[in-house]
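Visitor: Protein sequence lines, in the order shown, are assigned to chains V and L. So for the first sequence, the working numbering puts the first residue at 12; every next one is plus one. So for the second sequence, the working numbering puts the first residue at 719; every next one is plus one.
Heads up, a few of these hints could be off.
[As the list claims (entries may be wrong)] These stretches of chain V come out as covered by chain L in the derived footprint (C-beta under 8 Å, 3 or more residues): (1) 34–40; (2) 89–100; (3) 105–114.
[As the list claims (entries may be wrong)] SDA-like cross-link-like pairs, simulated, lysine to any residue; straight-line CA separation at most 25 Å: (4) V:Lys108 x L:Lys890; (5) L:Lys890 x L:Arg803; (6) V:Lys107 x V:Asn70; (7) L:Lys849 x L:Gln818; (8) V:Lys102 x L:Asn774; (9) V:Lys107 x L:Tyr840; (10) V:Lys108 x L:Asn774; (11) L:Lys849 x L:Ser724; (12) V:Lys107 x L:Lys919; (13) V:Lys102 x V:Glu112; (14) V:Lys108 x L:Ala839; (15) L:Lys890 x V:Glu112.
To be clear, the hints were calculated from the coordinates, so they are not data collected in a lab. Even for Gly, the Cβ is constructed at its ideal location relative to N, Cα and C.
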Amino acid sequence: MVSLTAVTDETFTTEVLDSEIPVIVDFWAPWCGPCRALSPVLEQLAAEYQGRIKVVGVNVDENPESVTRFAVVTVPSVLGFSAGHVVRQVKGAQPKKVLQEEFADLLS
Amino acid sequence: MADPLSSETHDVLIVGSGPAGFTAAIYAARANLRPVVIAGSVTAGGELMNTTEVENFPGFAESIMGPELMMTMEQQALRFGADIRREDVTDLVLDRPVKQATLGTGETVQARAVVLATGSAYRGLQVPGEKELTGFGVSWCATCDGFFFTGRTVAVVGGGDSAMEEALFLTKFADQVIVLHRRDQLRASRIMADRALAHEKIRFVWNTEVVAINGSDAVESLHLRDTVSGQESRLEVSGVFVAIGHDPRVDLVADQLELTPQGTVWVEGRSSRTSLPGVFAAGDVVDATYRQAITAAGSGCAAAIDVEHWLSSLDDPHADPGSEELSAAVA
Chain V
12 MVSLTAVTDE
22 TFTTEVLDSE
32 IPVIVDFWAP
42 WCGPCRALSP
52 VLEQLAAEYQ
62 GRIKVVGVNV
72 DENPESVTRF
82 AVVTVPSVLG
92 FSAGHVVRQV
102 KGAQPKKVLQ
112 EEFADLLS
Chain L
719 MADPLSSETH
729 DVLIVGSGPA
739 GFTAAIYAAR
749 ANLRPVVIAG
759 SVTAGGELMN
769 TTEVENFPGF
779 AESIMGPELM
789 MTMEQQALRF
799 GADIRREDVT
809 DLVLDRPVKQ
819 ATLGTGETVQ
829 ARAVVLATGS
839 AYRGLQVPGE
849 KELTGFGVSW
859 CATCDGFFFT
869 GRTVAVVGGG
879 DSAMEEALFL
889 TKFADQVIVL
899 HRRDQLRASR
909 IMADRALAHE
919 KIRFVWNTEV
929 VAINGSDAVE
939 SLHLRDTVSG
949 QESRLEVSGV
959 FVAIGHDPRV
969 DLVADQLELT
979 PQGTVWVEGR
989 SSRTSLPGVF
999 AAGDVVDATY
1009 RQAITAAGSG
1019 CAAAIDVEHW
1029 LSSLDDPHAD
1039 PGSEELSAAV
1049 A
């Protein structure tokens, strides 16, 4: 969260939808405990797969358009994007292995 | 950088990091047992991490926030030398003198004693639509997800304290909160029941069970059935918050430890001793009756003391780890 690239309503299209490599988007909130628990796991993924995927964060408090557009109704919601489309969603704070399995297509 | 956990056989391994796990860690650390706590990679702190004000934990006259209480317990355990790792236990082998845990990373940890403090998991309705719509309007955590239902109508399923807490919290966001309970009487504590019953945004629907959760990309409605008349109906809601109880987390040990008819880990009398020597259990994984942070903390303390006796008995063959005299002497 802290060290993941912050994406906003304004930059979502450029950073996520138009990205040439897959993007994992972490929808989080400052008041969300499980989001804090998940962030080191996402940071690890970002480091391990650097260059092959991007991992970014969207603060739901500050970006209502993105929240509505992607119908986010829980945090953390982790959405995997490829070629501008959501290909997989993971809800709740999940261990690293689960994220790797769920996003296997994007990470390979 | 922390030492590899596999480099030695530890005295005690604590699995879990709620009030039971951390209290066991505090007591074990103060007894110089250098406990290793496997706290969970994304679940450290247990259920209280998802709650707001804790009003009933003794010692906090003005209440304390759940996460703050848990972080303080963790700090306290660290202060006395507990080794706390944010890892998951994926396998446990308990039926031998040196017990072994396998972690999510593949590492193994060996210990002469184990305290199981894995707590309990939210119970699901087990109805069509629940699994598919989890995170898409089906939730078990009002503090986590209530924010997304501002101005909407949501349902809460349940009749205990958790359901009342969920409902009351949701009134901060939702326009209307409908509590669905399968009986005509709440089992919540008086104070919580009264608060919820008095709240203008909360409506109660009695003798009702959820048969299915409907919606394609998000929750749209609930299929309900009257438990008395059998009559079925549809209720349009944007979200449904399930608060119908908990199931003890015994997956790792169900084939090794004796369980009670309620599915909790069996322990001997008021001790934390399970059916296997050197294996102890505390907190909600043992207790289906009280299930409070303070009772969990108390049982974590007892587990650490039981561990201490156990380890002493291994070192001194004449000591009886289970005697009442010994327990009273240490009390």
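Visitor: All hints are to be evaluated individually against the structure, with a verdict given for each.
Guide: Evaluation of the provided hints:
Counting residues of the region 34–40 of chain V whose beta carbon lies closer than 8 Å to any beta carbon of chain L gives 1, which falls below the threshold of three, so the coverage claim is violated. Chain L is given as covering the region 89–100 of chain V, and this is violated because 1 residues of the stretch bring a CB closer than 8 Å to a CB of that chain, at least three being needed. With a threshold of 8 Å between beta carbons, the proposed coverage of the region 105–114 of chain V by chain L holds, since 4 of its residues qualify and at least three are required. Restraint check for Lys108 (chain V) and Lys890 (chain L): the C-alpha separation of about 36 Å exceeds 25 Å, so the hint is violated.
A distance of roughly 36 Å separates the Cα atoms of Lys890 (chain L) and Arg803 (chain L); the hinted pair therefore is violated under the 25 Å criterion. For the suggested pair Lys107 (chain V) and Asn70 (chain V), the alpha carbons sit about 21 Å apart, so the restraint of at most 25 Å is met. At most 25 Å may separate the alpha-carbon atoms for a hinted pair to count; Lys849 (chain L) and Gln818 (chain L) exceed this at roughly 33 Å. The suggested pairing of Lys102 (chain V) with Asn774 (chain L) is violated, with an alpha-carbon distance near 31 Å, which exceeds 25 Å.
About 22 Å separates the Cα atoms of Lys107 (chain V) and Tyr840 (chain L), which keeps this hinted pair within 25 Å; it holds. The hinted pair formed by Lys108 (chain V) and Asn774 (chain L) fails the criterion: a straight-line CA distance of about 37 Å is larger than 25 Å. Taken as a hint, the Lys849 (chain L) and Ser724 (chain L) pair is broken in the structure, with Cα atoms around 38 Å apart against an allowance of 25 Å. Among the hinted pairs, Lys107 (chain V) with Lys919 (chain L) is inconsistent with the structure: their alpha-carbon atoms are about 40 Å apart, more than 25 Å.
In summary, the hint linking Lys102 (chain V) to Glu112 (chain V) is supported, as the alpha carbons are separated by about 14 Å, within the 25 Å threshold. Proximity of Lys108 (chain V) to Ala839 (chain L) is assessed by CA-CA distance (about 20 Å); at most 25 Å being required, the pair is judged to hold. In summary, the hint linking Lys890 (chain L) to Glu112 (chain V) is not supported, as the alpha carbons are separated by about 37 Å, beyond the 25 Å threshold.
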